[in-house]
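Engineer: Residue strings, one per chain:
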Amino acid sequence: MPTILDIRHVSKFFGGLAANSDVSFSVEQGMIMGLIGPNGAGKTTLFNCITGFYPPSRGDVLFKGVRTNGLQPNQMCHLGMVRTWQKVRPLAKMSVLDNVMVGALARTTRLEVAREVATAQLEVVRLAHKAGAIAGGLPIGERKKLEVARALATRPALLLLDEVMGGLNPAESEEIIQLILELKRSGLTQMVIEHDMKAIMRISDRIVVLNSGEKLAEGEPQQIVNDKAVVAAYLGEEVA
Amino acid sequence: MLRIDKLNFSYGDLKVLWDVDLEVRDREIVTVVGANGAGKSTILKNVSRLVRPSSGALRFGDVDLRRLASHEVVELGVVHVPEGRRIFPEMTVLENLRMGSFPRATRQDRARNIERAFTLFPRLKERQKQLGGTMSGGEQQMLAIARGLMGNPKLLLLDEPSLGLSPLLVKNIFEIIREINRQGTTILLVEQNVYQSLRLASRAYVLETGRVVLSGTGAELLDNAHVKKAFLGM
Amino acid sequence: MSKLLASALAALAIALPDAGQAQVKIGFINSITGPEAPIGENLTNGVDLAVEDLRKKGVNVTVVRQDDTGKPQVAMSAMEQLATGDEVAVVVGPYTSASSNAVAKLAQQYKVPQIVPAAAKEEITRQGYTYVYRLNAPAHQYAQSLIDAALAFGKPRSIAFVYESTDFGTSVTAAGKAYAKAKGLRIVADETYQKGAPDYRSTLTKIKAAGPDLVFMVSYVADAILLMRQSREVGLKPQAFLGGGAGFDTAQFESERDISTHVFSVTQWTPESSPASQEFERRYRARFGKKPTYHAACAYVATLVAGETAAKAGGDRRKIQAALGSGRWSGILGDVKFETYEGFTNQNKLVMPVIQYQGGRSVTVFPPAVVKAKPVYPFPGWR
Amino acid sequence: MVAFAQSVPGAVLILGGGVPALAGTELGPRMMVFLQSVLSGVLVGGVYALIGIGLTMIFGVMRVTNFAHGELVMLGMYLTWGLFHWLRLDPFLSIVLVAPALFLWGAFLQRAFVNRVLDALPQNQILLTIGLGLVMSNGVMLAFTSDYRILTTSYSSASYDLAGISVSKPLLYAFLVTVAITVLLYGFLLRTDTGQAIRATAQDREAAQLMGINVRWTSMLAFGIGAALAGAAGALISPTYYIFPQVGSAFTLKAFVIVVLGGMGSVVGATLGGVIIGLTESLAAVYIAGGLKDLVVFVLFLALLVFKPSGLLGKTRA
Amino acid sequence: MNRRPPPVLRPRGVAALELVLFAAAVIALWCVPVFVKKPYVLHMGVILFLAVIQGQAWNVVGGYAGQYSVGHAAYFGVGAYTTMMLLELHHIAPWWGLGAAIANGVLLSLIIGTITFRLRGPYFVLASISMAEILRYAFLYYKDLTRGAEGFLLSEIPTLHLFGQEFEFVTKRPFYFVTLGLAAITIVANHLVQHSKLGYYFQAIREDQDAASSLGIGLTLYKSVALAISAAFTALSGGIYAMFVKFIAPDLVFGIDVSVQFVLICIIGGIGTIYGPVIGAMVLVPLSEVLRNPRGLVQVGLASPDSSFVQFVEAHLSNAHLLVYGVLVVVVILFAPDGVLGLLRRAGARLRRRREAQGEAGAAGA
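Protein chains in written order, with my numbering: chain A, 357 to 596; chain B, 898 to 1131; chain C, 116 to 498; chain D, 730 to 1047; chain E, 30 to 395.
All the pointers check out, no bait thrown in.
Covered stretches of chain C (in silico footprint by chain D; criterion: 3 or more residues with CB under 8 Å from a CB of chain D, positions within the stretch not fixed):
| hint | region |
| --- | --- |
| 1 | 302-308 |
| 2 | 348-355 |
Below, computed lysine to any residue pairings styled on SDA-like, alpha-carbon distance capped at 20 Å:
| hint | chain 1 | residue 1 | chain 2 | residue 2 |
| --- | --- | --- | --- | --- |
| 3 | A | 443 | D | 850 |
| 4 | B | 1125 | A | 578 |
| 5 | C | 405 | C | 476 |
Quick list of simulated restraints, FRET-style, between CB atoms:
| hint | chain 1 | residue 1 | chain 2 | residue 2 | range |
| --- | --- | --- | --- | --- | --- |
| 6 | D | 1032 | C | 266 | 44 to 50 Å |
| 7 | A | 475 | E | 382 | 25 to 31 Å |
| 8 | A | 582 | B | 1022 | 41 to 47 Å |
| 9 | C | 138 | D | 874 | 28 to 34 Å |
| 10 | A | 371 | D | 874 | 52 to 58 Å |
| 11 | A | 466 | E | 382 | 33 to 39 Å |
| 12 | E | 173 | C | 487 | 37 to 43 Å |
If you are wondering where the hints come from, they were derived from the structure by calculation, not from laboratory data. We treat Cβ as the ideally placed atom computed from N, Cα and C, and that holds for glycine.
Whole structure, please, built from the sequences with the hints as guidance.
Structural biologist: Right, dumping it as structure tokens:
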């Protein structure tokens, strides 16, 4: 499988503080890459560096083989990379359909086309029955789905999901997991930040573990679970 | 001393805590462990009245905490050392400490408490004129705890004191927590660092997605396989 | 609140219409509120006295008052209202140059005779308007009288101008600069300032450094006082301070003895000018408890002229216009006649006396024909 | 944040920075003009600083941009004028009445209005305070008409002579009182528990609550103090200014320029900003044009917003 | 029991009804001068329509795109001065002048946008105010170019020859028709913009700039477009205002109160809606006019000249219109942040719910 995203020695400093330091890994087309780590490990910062919200302080991000440092998020979107947010950001006063249409309009200027795409995406996330509702009024589970639908409507090649299951009840989480797996089957590459370990172990093809901004480990889920360093990062050191 | 019954809490429509029961007895160290986002910090915020619960009872001794404002809880002797230290960055170490004894009743002990803080954390004595914001993470954590102690707490709520600290410092902090407890302060500790905090705890609760799934003495839980599973998803 | 209520009730009581008699309706646009209000008050008082006199003569006048707050656009809508809504026969006012000029255009358009009592801007009577009559002397005379006086008293060689960036300030200064140049005076400073930010110390310091023999200032009330205060502060000491009318010729300015003493100003009228004027001053003082300014005198005369003419013409605007053009009146402003000369249309020729504040009151010091006291020149310095 | 460095940079520093440019020449008339305008600028700037400090207190503690700040200055001016006019109370003495009155008024405004929009969109806060400003200025206009008022005291146009440079007495008094108030305020904020509680609230509202600080109360206090400082500034400039209902809006804008210049929320920054704006106005009036001094201030402001958005002393802007 | 149906998209019928109502309103207003001859009524109409245009214009950038400019006087003033100066100094007829006004407004918006769109929140507001103030001071100072505070007084508007007809801009009538037409056009244009990709993007930017950016929306580009559209209409209204009022000066057209008024029209009516500015204008314009000039009521025939209300207002409240604005803003922000329209909508929803509840109760009873 060809590489779609290549992260090379990326560091991000805020003042003197390193939120990411020297992180490297690559994501292959069609896979699901899990990104985990304790609070404050720098996962969201890395997402921000990849999607153009921050320029990396050092290192390069290559998307589809092109160096994208310094590009703006909207340019990244047009290149085919889109993200969701840990804290959902619905366009609160717009309807659900309008939210998704905004995403779809990245690829068309015609509203009818965008409406069709959006309606289809709402079907995919099973939110079609709420098309006319105001986005700000949805319960959290549906807002998370809306985020995904809106991102999908931009027709991405790579989807970055930031804690899309956070705050959901088990049934809702399961629904999202099925959705992610379905998207994978349709060939979409995904990168997933998640705290629900059960879920991330189930869906990921590979996992990168960040700790205090550095890459601690990378491998398949089973490798990660048995990695001493990872266990220590999560449970604290076993001090004799 | 502290009794939480059937506590439910939501951020907007995002439900974070489901029917949490929790008890802290005099002189105990009680630990709440759980993964990120499990709702540990939210319990503490409910106790210190930074947030308002949807339902449930919160009692400190005979006092119904639900009737009080944040600053009144502090005056009762329940002091919350928040996650991320939250020291006042533009104030000196000494000023930060002084703020810790803002409640009128504690001001008379100010000098003595500052002495105690400097004994516990000699580092702070060296840095007393320095601005809080310019100190290292470990120093800030020490300051945050020291500042909490300035309010003569009967019950100290500690939120993730080990977060982002080097292993050596973590060990140090845990020793100090034990010392504080030995001097007579009851402690409710919220931690990610499962092993160390369980080892410290008289009793502990395991929180998973907003629910208490396990409780027992620290030692019991250390041996429980479920704990590891809850954290690593195995 | 209770005061408001009381007057609301009073309003109810007053609201009974005068029945019977044929009336003359005069529109009066004035700066009743706003920065020029202290001057506007003088005009109002003048109009009130004129109405009294007209009633005595059997002319039953109704004055429809409009406040333009000193703003031309408000004055214009007031004029529209008077012309089309209230159907007045003739309009007196407004006070400020900017407002008068704007209203003049409408007066011409709606064919409503307008008598301008005290606005200086040259253009008002230079545009060939046949319905606009001006009682007072225009801007260039302010400047000419003052500069002539200074040249008669001493040998100034240079002059500095400080003026408010308003229509009035700009037009008087423009005329002043032209006249100063013609008289061989060197212009060493030309400084405008904005109303509402009254810190002129830097500007005045700059002028002090330029060392002019004459300092010519144009401003409305509050600024005039502050300009002189700050001149005193920074120790500005020319041969003479020339105040271009308006704010420099008010009771309030006069009462600020510390700073007004020895300042020259120019005026359209002084109480000393004739026995009739003295009588007017006496009446005015008795009625309003203060000294009348030229604004009051001008408004008084303008209203008398308007009322009499309108009464004779039976309120017909066209006839009033004709009568104003051909009429001749005499009173406290001397002889009034609206003439057409040197590019002016319907402009009353008025000699502007120069006054100086001496010992807390103003005295006429120029031209020689009307002099009442000796000028103090050069400026002896601040006390 | 109500930021405090341990040292207080003074106007002396600025004077010292400006003079050497012309050093070596004799005190010719040009030098005199320069020094005179620097001096006037610094004196006026001191009073500006007081207005700015008031605004920055309010912003620092509540994150509310108070667009009615100039109107508070205006109220201070009218109160002073009234006390002088009816009771013959000296404007500088009247501060002891004006500042507490404005304190109460500010605390009331905070409690009754501003408090309700603390969590609203920033633009709604702005509009609310603009609305309050309109109510204040036009309420005053209704009560007092829009006439310009002027205060005449025995020292209205008096001055000291300092080696040929004139020092306006009322301005000098105003400056000295400003310095005294500022020093008292610094002392209050740095040394007292209440003052420190205000700073703590500004730096971290939630953490302050956890220290047992009643943040609702500190917010009211901060707004009250901010208003009192604005009122005091109004009283201080009354003897050298004129007073009319709309005088406030110019001060609002100026105060914002000052506060942004110094870094929003920084008291030291506001002090510095006030003096810089006073100087800029004064020098611009002399070396560019009197009619352009306000324009120069705004251009400076925009340039700063664009190139150094955190202000001269500010660190970050979240 | 019947479960409430899921919310559906607005049916086409509603849109059609809206169109019909809109057209009917415009036609009805168009006929007003046939029946009402009083110039004062037409005068009020013109002021009202201008306010509608200004509110619509501000709404594009402030209401839809969420960029709270409190410096729109800049575009208004530039529009007014462009039209007036071309006419007075170069004898260029105002219909060309208005085109130039729009062009200058757009040009200015690009400059201002470049500077201010880097800023957010209060900083953006302050920067926008500053830009208008800079222009005001510049127009006051450079009097060789602008005549400074003296301003411009319109001499005469040339006769317009169009379709073989002559139009004289002397009375209020032609202004009434022109401003009514433009107000209608503005509303339609705004409606079209909001129902296009642009409109969607503007709203997305308002709701969440970061989210919008991540969805492929170039923030600077689309904010600039919104500002340019807004500036164009504002400049146009400025040009017409100059022609109508016949006098302009820097304080009059560049003042902060002008900018604030534009915002108020939208806030009071309902921000970010097509009819909000219309309602806002309908509330604000008559209100301020009655307070400023209560005798207008007499002219319109709504009050007798001797009525105590007129006398009272004249005696005490003639300068209170800004006070009332202030009170309105405070009340609206505190109690009806969505404006009058939002209030009406909420009341409507409550009524509908009550009726539904009654219907259900009735059904249950039967």
